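Peer 1: Could you put together the complete structure from these sequences and hints?
2 protein chains.
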Amino acid sequence: MHRNKLIEQIKIKRSYLCVGLDTDINKIPVHLRSLPDAVVRFNKAIIDSTKDYCVSYKINTAFYEAQGSKGWASMEETVSYIPDSHFKIADAKRADIGNTSSQYARAFFETINFDAVTVAPYMGEDSIRPFLEYNDKWAIVLGLTSNQGAADFEMLKVGGKGIAGRLELQEEYLYERVLKTVSSWGNQGNLMFVVGATQDAEFENIRNILPEHFLLVPGVGFQGGSLGNISKNALTSEIGLLVNASRAIIYAGSGENFSEEAAEIARQYQQEMSTYF
Amino acid sequence: MHRNKLIEQIKIKRSYLCVGLDTDINKIPVHLRSLPDAVVRFNKAIIDSTKDYCVSYKINTAFYEAQGSKGWASMEETVSYIPDSHFKIADAKRADIGNTSSQYARAFFETINFDAVTVAPYMGEDSIRPFLEYNDKWAIVLGLTSNQGAADFEMLKVGGKGIAGRLELQEEYLYERVLKTVSSWGNQGNLMFVVGATQDAEFENIRNILPEHFLLVPGVGFQGGSLGNISKNALTSEIGLLVNASRAIIYAGSGENFSEEAAEIARQYQQEMSTYF
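Line by line, the protein sequences give chains A and B.
With the working numbering, letter number 115 in the first sequence gets 223, and the count goes up by one each step, no holes.
With the working numbering, letter number 240 in the second sequence gets 348, and the count goes up by one each step, no holes.
These are calculated hints, taken from the structure and not from any lab test.
Please read these numbers as outputs of a predicted model, since none were measured by experiment.
Treat the hints with care, since some could be wrong.
If chains are identical, the list can't say which one is meant, so a pair holds when it fits in one copy or spans any two.
Stated by the list, open to error - In silico lysine to any residue, SDA-like type, Cα no more than 20 Å apart, as pairs:
hint: 1; residue 1: Lys-135; residue 2: Arg-214
hint: 2; residue 1: Lys-135; residue 2: Thr-219
hint: 3; residue 1: Lys-288; residue 2: Gln-256
hint: 4; residue 1: Lys-121; residue 2: Gln-376
hint: 5; residue 1: Lys-159; residue 2: Ser-367
hint: 6; residue 1: Lys-288; residue 2: Gly-267
hint: 7; residue 1: Lys-135; residue 2: Ser-210
hint: 8; residue 1: Lys-135; residue 2: Asn-207
hint: 9; residue 1: Lys-178; residue 2: Asp-145
hint: 10; residue 1: Lys-178; residue 2: Pro-144
hint: 11; residue 1: Lys-135; residue 2: Glu-218
hint: 12; residue 1: Lys-121; residue 2: Ser-193
Peer 2: Right under this line is the structure:
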């Protein structure tokens with residue numbers, strides 16, 4: 109999907125909501141669980157009921173892989189059901205040497221028609237480049253994540269490359285270096301960055317580093333991040349945000365009317381978002 | 109697989125060779141390509157012909173995912189064909205927030221019977237812990253990789269956590285910090301680290317940091333790393349190495365007798381390894 113189309117959809121719907129389909133067979137309503145295509149049925153009902161309130165769906169590949177090849181087939185069927193109007197994200201956290209990343213890009217951009225895939229930066233440039241070589245496809249690179257473990261490496265202070273034994277010290281976090289370096293490999297039409305909603309204190313700084321890029325922000329809802337704070341600190345004139353909620357929406361209800369309850373939570377997010385435009 | 113069993117297999121075979129099944133449908137012999145189960149046939153023939161010379165197989169998930177759910181099924185069938193005597197690695201470079209990493213662990217340790225999965229460290233402790241909670245299963249965490257991009261972040265010099273505005277400087281690379289920090293989360297029976305064969309200059313240093321851990325070493329053969337140098341610098345009394353070759357072995361031949369040609373290259377690696385014991 110082209111950046112302009114994404115922005116247009118956001119403005120039409122007055123929503124920058126992404127619904128995360130982290131569909132766990134053990135958490136969906138009991139009356140669906142025994143059906144052979146339970147996950148797909150659940151996802152289709154959630155998509156039907158929430159699509160007016162969101163602009164994007166994010167598929168967390170782990171939950172599908174836990175079901176093996178059957179789960180992978182459920183993912184394929186789910187993605188093909190998502191309307192063309194919606195930005196389709198494979199939350200897969202992939203990346204490997206270039207030769208292998210090319211295969212991941214093929215998996216998510218050709219074999220399945222995702223618009224974007226989340227990518228881990230540790231292995232550097234050649235592990236990310238293959239995802240940037242497609243028209244209107246996106247790499248969404250991990251910047252500062254929402255989890256506790258973000259403190260372990262992402263928040264380490266880094267310096268220069270230690271050339272000639274002399275450390276050229278720059279007081280910046282690893283995640284900042286990742287944002288600066290990776291953003292030089294692509295542009296605002298093929299790169300986004302993941303910033304967790306729980307990282308309130310860093311949002312202003314991140315917008316200074318990336319004034320225009322879209323940020324994918326997980327961690328509202330179940331993980332406790334504040335939609336208001338994120339929006340205040342990170343919205344741009346071209347929006348520049350996709351805010352994801354997964355469990356808070358898809359597991360809002362557990363009975364026969366689960367999809368209506370999911371829709372109601374999605375609608376509440378959209379309503380709040382509409383006030384920030 | 110328990111560490112003792114792996115060491116025993118290595119000593120019996122006088123081999124620490126891992127064969128990488130990076131099976132690309134477009135690179136396997138022409139006479140197989142049109143068959144419906146081409147990838148599985150190819151893999152089974154390679155396994156049959158190389159299993160006496162290696163102790164491990166490494167499945168590069170990207171090449172299977174590029175074929176969609178059908179590819180994932182080929183991976184499942186391939187893994188179930190690998191003998192119990194061989195250490196089975198999912199080279200998947202996964203990791204996400206804890207809740208999601210648990211699903212990946214389930215995918216590779218329960219739904220499919222891998223012994224180990226490769227894991228990216230960027231997201232920190234809770235993204236790795238779920239892989240360490242299984243008996244006789246392993247996380248193989250990226251340390252210093254074999255690709256050019258390793259210089260971008262893995263070789264950055266890092267300092268302290270910047271607490272109270274004061275940087276406590278330690279002149280070490282990010283990858284060294286990863287080895288030290290991650291190794292404190294597990295033990296020599298559930299953690300290995302990836303170190304690329306092309307990183308000759310760092311092997312002695314890595315052995316100082318991790319005197320006993322197994323290292324998974326890709327990058328010999330096609331990528332140019334030297335088996336002799338690695339073995340000289342990193343072998344321990346309990347071996348502590350799995351050296352992987354993928355393309356150099358599985359694509360050694362392209363005709364009807366491809367599996368014999370693969371076996372010959374695997375045999376040559378084993379022969380050389382036997383001289384380093």
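Peer 1: All hints are to be evaluated individually against the structure, with a verdict given for each.
Peer 2: Consistency of the hints with the structure:
1. Lys-135 with Arg-214: Answer is between: at 16 Å across copies they meet the 20 Å cutoff, but 31 Å inside does not.
2. Lys-135 with Thr-219: between (28 Å within a copy, 18 Å between copies)
3. Lys-288 with Gln-256: Result: close only across copies, 18 Å inter versus 23 Å intra.
4. Lys-121 with Gln-376: Classified as within: same-chain Cα gap 13 Å, cross-chain 63 Å, threshold 20 Å.
5. Lys-159 with Ser-367: Answer is within: at 11 Å inside a copy they meet the 20 Å cutoff, but 51 Å across does not.
6. Lys-288 with Gly-267: Both. Shortest intra-copy (14 Å) and inter-copy (19 Å) distances satisfy the 20 Å Cα cut-off.
7. Lys-135 with Ser-210: This pair counts as between: shortest inter-copy Cα distance 15 Å, intra-copy 34 Å.
8. Lys-135 with Asn-207: between (37 Å within a copy, 13 Å between copies)
9. Lys-178 with Asp-145: both (9 Å within a copy, 17 Å between copies)
10. Lys-178 with Pro-144: Intra 10 Å, inter 18 Å, cutoff 20 Å: intra and inter.
11. Lys-135 with Glu-218: between (30 Å within a copy, 18 Å between copies)
12. Lys-121 with Ser-193: within (11 Å within a copy, 57 Å between copies)
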